[in-house]
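Novice: Full structure from sequences and hints, please.
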Amino acid sequence: MLSKRLIACLDVRNGCVVKGVNFEGLRNAGDPAELARRYNVEGIDELVILDVTATIEARRALADTILAVSRELFIPLTVGGGIRTEADAAAAIDAGADKVSLNSAPLSDPALITRLASHYGSQAVVVAIDAKQQGDQRWTVFARSGRLPTTRDAVEWAREAEDRGAGEILLTSIDRDGTRTGFDCALTANVAGSVSIPVIASGGAGTFEHFHDVFTTGLADAALAASVFHFSEHPVDELKNYLAARWIPVRR
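Using this note's numbering, the letters of the sequence shown correspond one by one to residues 323 to 574.
These aren't lab readings, by the way, just hints derived from the structure by calculation.
Since the structure is predicted, the reported quantities are computational estimates derived from the model, not experimental observations.
Cβ atoms here follow ideal geometry from the backbone N, Cα and C, with glycine treated the same way.
Be careful, since some hints might not be right.
Unchecked claim - Quick list of simulated restraints, FRET-style, between CB atoms:
| # | residue 1 | residue 2 | range |
| --- | --- | --- | --- |
| 1 | T436 | D475 | 16 to 24 Å |
| 2 | E478 | A567 | 35 to 43 Å |
| 3 | S440 | T473 | 23 to 31 Å |
| 4 | S516 | L389 | 30 to 38 Å |
| 5 | Q445 | M323 | 17 to 25 Å |
| 6 | L541 | A567 | 19 to 27 Å |
| 7 | T407 | A567 | 28 to 36 Å |
| 8 | D559 | T538 | 31 to 39 Å |
| 9 | G365 | T473 | 26 to 34 Å |
Specialist: Here you go:
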């Protein structure tokens, strides 16, 4: 069985890490490079930078922030926010990203997934899906940092993204984001059971048990969290020890 990955997420605005609840009420959580340095030492498996206002402000992710973070890392780095074109993706990768995360842009230009996968390989293309529950076992995809509902169903969009060349799905529950009430295991399991590429669960991490649940009940390949890692509430090595003791394979 492949090891489950623990991923820290840096939501960045104006060069600072921020965190909110349900994508709103953002507060300062530290310096991106300093947090990256700490995570690299603590043993996090991967790091994601999401420039949370890049799409809203119609600009690229901040290259200086990406460069400062990448200099601190010896682990894979994914960058998202404002990746609308091949040139945007190239700028992020040139600044130090190993993967790019696409969210709003492919909803209107799905072929962007295929173009980037053809150029960089599927392993470098992550499709981020922000979803909100809209009924029993149905989740609607939202664009523009969770502000704009679309007509797409999360499970169907994940399947299409895989067909178009995506190498991973970064699946965020807007309902659970920042609440620390646990990942949406039903959403995650529905998507993970419908695709053959890895699914990264995001939104709701608060306890060690939540990670265990999303790896077992939720069928996730990786779990992403922000505030529980940023504020040193759950040391990465202790979380890995907890999971390993419960027969969840993790990278040591």
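Novice: Run every hint past the structure and note whether it holds.
Specialist: Cross-check of the supplied hints:
| no. | hint | result |
| --- | --- | --- |
| 1 | T436 / D475: 16 to 24 Å | holds (21 Å) |
| 2 | E478 / A567: 35 to 43 Å | holds (37 Å) |
| 3 | S440 / T473: 23 to 31 Å | holds (27 Å) |
| 4 | S516 / L389: 30 to 38 Å | holds (37 Å) |
| 5 | Q445 / M323: 17 to 25 Å | holds (20 Å) |
| 6 | L541 / A567: 19 to 27 Å | holds (20 Å) |
| 7 | T407 / A567: 28 to 36 Å | violated (46 Å) |
| 8 | D559 / T538: 31 to 39 Å | violated (21 Å) |
| 9 | G365 / T473: 26 to 34 Å | violated (41 Å) |
The structure fails hints 7, 8, 9 (numbered hints given earlier, in ascending order).
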